[in-house]
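Asker: Take a look at the letters that make up each chain.
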Amino acid sequence: MNGWNGKILEIDLTTQTHKEYPLDMEMAKQFIGGRGLGARLLWDLVGPEVDPLSPENVLIFTNGPLTATGYQTSNRFSVTTKSPLTGTVLDANSGGFWGMQFKKTGYDVLIVRGKSPKPVWIEIKDSVVAINDASELWGMRVYAITEKLGQNNNKRNVLCIGPAGENLSRIAAIMNDRERAAARGGPGAVMGSKNLKAIVVEGSTRPEVDDKERYKFLMYETKKLLAASPLTSQALPEFGTVVLMNIMNNIGALATRNHQQTQFEGAEAISGEELTEKYLVKNASCWACPIGCTRISKTEKVEGEGPEFETTWAFGAQCGVDDLPAIIEVNSLCNDLGLDTISAGSTIACAMELSEKGYLDSDLRFGRADMLAGCVEDMAYRRDLGAELADGSLRLATKYGHPELSMSTKGLEFPAYDPRGLQGQGLLYATSNRGGCHMRGNMIGLEVLGLPKLIDRFQVQGKSAFVILHQNSNAAIDSLVVCKFTNMGVADEYFARVLGAVTGIPYATGELIKVGERVWNLERLYNNREGFTPKDDSLPPRLLTEAPTDGPSKGWVSHLEPMLKEYYRTRGWDENGVPTPKKLADLGLNKLVSGG
Amino acid sequence: MVDPRIYDMFREIGRDLYTANMISSHGGNLSIRLGDRVIIKRRGAMLGNLKQHDLIETRLDKNDSGVALASTELLVHRTVYLNTPALAICHCHPRTAVAFSLSRDEIVPIDNEASYLLKKIPVITEEFASGTPQMANKVAEALTNYKIIMLRGHGSFAIGQTLDDAFFWSSTLEEACQIMLFTKQINEPFIEYRGMSDSYSKF
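Chains as they are written, first to last, in numbering that gives the first Met the number 0: chain C, 0 to 595; chain B, 0 to 202.
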């Protein structure tokens, strides 16, 4: 069958052995690949008794049926594990080139389990697998090790951790192709806990597609659609994701100073327009991507990829900083150290508020751009206050007696969008299976950008249906795996047809969305099994009770409670947020739960 | 009472459907899914002149008292919502499209806009073409893979995330059919201007 290689590679670092075995194709049809397949495998492999940083946790790297076919943005991969930051199921995905190359080694899945007695790195050249000594590589930063291990975009690709992962920072990222990141939820710490420094892939398998003529037609149509969308053909290529800075600020939904305000007076200075005019060197693209949203930026001190919108916001508005060169430099530093920029910036912002209010004895204050780089270095090496910042804002704020000052859900720090001005986004954060995340069904398309049509961002009644549709759709896209930005020009009906053309299995659009629903419900079941309850589907009190006193969102708080009740009912869950037997049967998950 | 913002949306789209000649005075219907509930036009109400009390809220999964007041097509709308990702449905009677549906099993537009947006529109047949379970199932099944379909001799059903969305597909279909009709009337050789258009009928 085309689309899948049909093989899983499993490496046990404790015994330094590896084996390969067939992919269960029934499972693959039900969960496709990427995030979906990862969640399904994690369900079997890691139970509630497992500490995320213990050898019993696993790292599951997955590609999908579209990966490496050449379809637009078919470069991505997922890494699934139990999160050391949140304790939830975690999927983080990343672009670049590594995912494409991994698929070309002939494997759909790489499972890494156990813990090596000493630092190692793994090399996979087609079916030849080597576990190599990494004693001399341990301690190296990301840029240096990527170069040392022979990164070559189209031929040999390096995935690694930096010092943050080695030092088990719970907000450590897994980096690939130098500056791409599977960042959220701390997968880098899981890799560090296994004494695994890097995974290098080289492959020669060329993925085949089932219906070449149909596939060619769909590629052609996708090209037209992406060219016709002003977002994918103009806004993202010209300004990158930072194009959102002024847009969010203008509508009063740009979280500022640890969500104390919803507009930032310095937004213009850190906007996409400013970045493009003063610091942009050129655009860059992931493999097979015609959008090219990646920025190559340059200051007097650094030149490299980024920063993305969320990074610019996290170290910018969220920290009260309007110094764009400082943000570009701290972004580069995070990439080199292997840190999640959203969590790093937002944790510093939390520390700034704790300090300003006298709960924490430090010099951190909003606007202190000069302290950002030092904080990030200290986080990665767990030095001084950095040792506490390294574990994210919730653990930090809890230690100092004010957990309410962590702007997070389930311990994962929010991105830039303040849910008081975006009711659907608030519900999304509260219900996201990996914690407060915007990549699990982003409502910005509907509530701000008008994709596919603008809806009232303050509307509460009926919002759950939109959130659920987008959560399901995104789970499906994450399982293919393609970049969500394609969804700004290409509707789900095209993805379903491309999947059919590649695999030879006809997937109706509705069936593809149902795969997404299945994945979402399985992730929910996983979290429920871990002990999560409806009280974890929450937002910080600030967002529920403190309305902005000025700006376009003046007077609004998040009306989470009625939306959440409606959400559970609409999902087919009971009042405790548990999928009903009827829903599980409808999704084919009932046997999984009953152990059948 | 339905939220005034929701009423405004129904009133505006309903009026536009009427003024665009896509429904008769009392024909067609609109609905949206609000979580586990449906808001749909009242039976016999005029879409082009909707009042706030013309919108009926009822359960999605089973009947309640709202069913006594709702459009005769409620069953179709519910079945579509339960079987597709739709959050809004627009059902209307676009005249040119209905005319074309009487002689073909699919409508493949030739104009640029509809080629780009719709590719092709399947035409399905149901003897009892109004409000029956058979029709509801056929329409829902077709809409799992297409955002707009034609029921032969009856009208179109379009789905979207919003009413605006579903109306867009409906008006695009009618425009495409009018252009096809004009082309037939002009009766001159067609000059193909699209790439890979042979594949549209396989979409």
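Just so you know, the hints here were simulated from the structure itself, not pulled from any lab data.
A portion of the hints provided could be inaccurate.
Here are some, though not all, of the chain C residues that point toward chain B, as calculated from beta-carbon distances under 8 Å [to be verified]: (1) Y214; (2) Y219; (3) K452; (4) L468; (5) W572; (6) E574; (7) N575; (8) G576.
Predicted model only: the values in this text are computed from it and were never measured.
In this text, a Cβ means the ideal position worked out from N, Cα and C, and glycines have one as well.
Asker: Is the interface hint for E574/C satisfied, with its Cβ closer than 8 Å to some Cβ of chain B?
Answerer: Because about 13 Å separates E574/C from the closest Cβ in chain B, which is outside the 8 Å limit, the hint is violated.
Asker: Using Cβ atoms only, decide whether N575/C comes closer than 8 Å to chain B, and label the hint accordingly.
Answerer: violated (17 Å)
Asker: Under 8 Å, Cβ to Cβ, is where G576/C needs to be relative to chain B, so tell me if that hint holds or is violated.
Answerer: violated (15 Å)
Asker: Closer than 8 Å between Cβ atoms is the bar; does Y219/C clear it against chain B? Give me holds or violated.
Answerer: Hint holds; Y219/C Cβ to chain B Cβ min 5 Å, cut 8 Å.
Asker: Quick one, is the Y214/C hint okay against chain B at 8 Å, beta carbons?
Answerer: violated (10 Å)
Asker: Can we keep the L468/C interface hint, with Cβ of chain B closer than 8 Å?
Answerer: holds (5 Å)
Asker: Would the hint on K452/C stand, with a C-beta cut-off of 8 Å toward chain B?
Answerer: holds (4 Å)
Asker: Hey, does the W572/C contact hint survive, CB to chain B under 8 Å?
Answerer: violated (11 Å)
Of the numbered hints stated above, those contradicted by the structure are hints 1, 5, 6, 7, 8, listed in ascending order.
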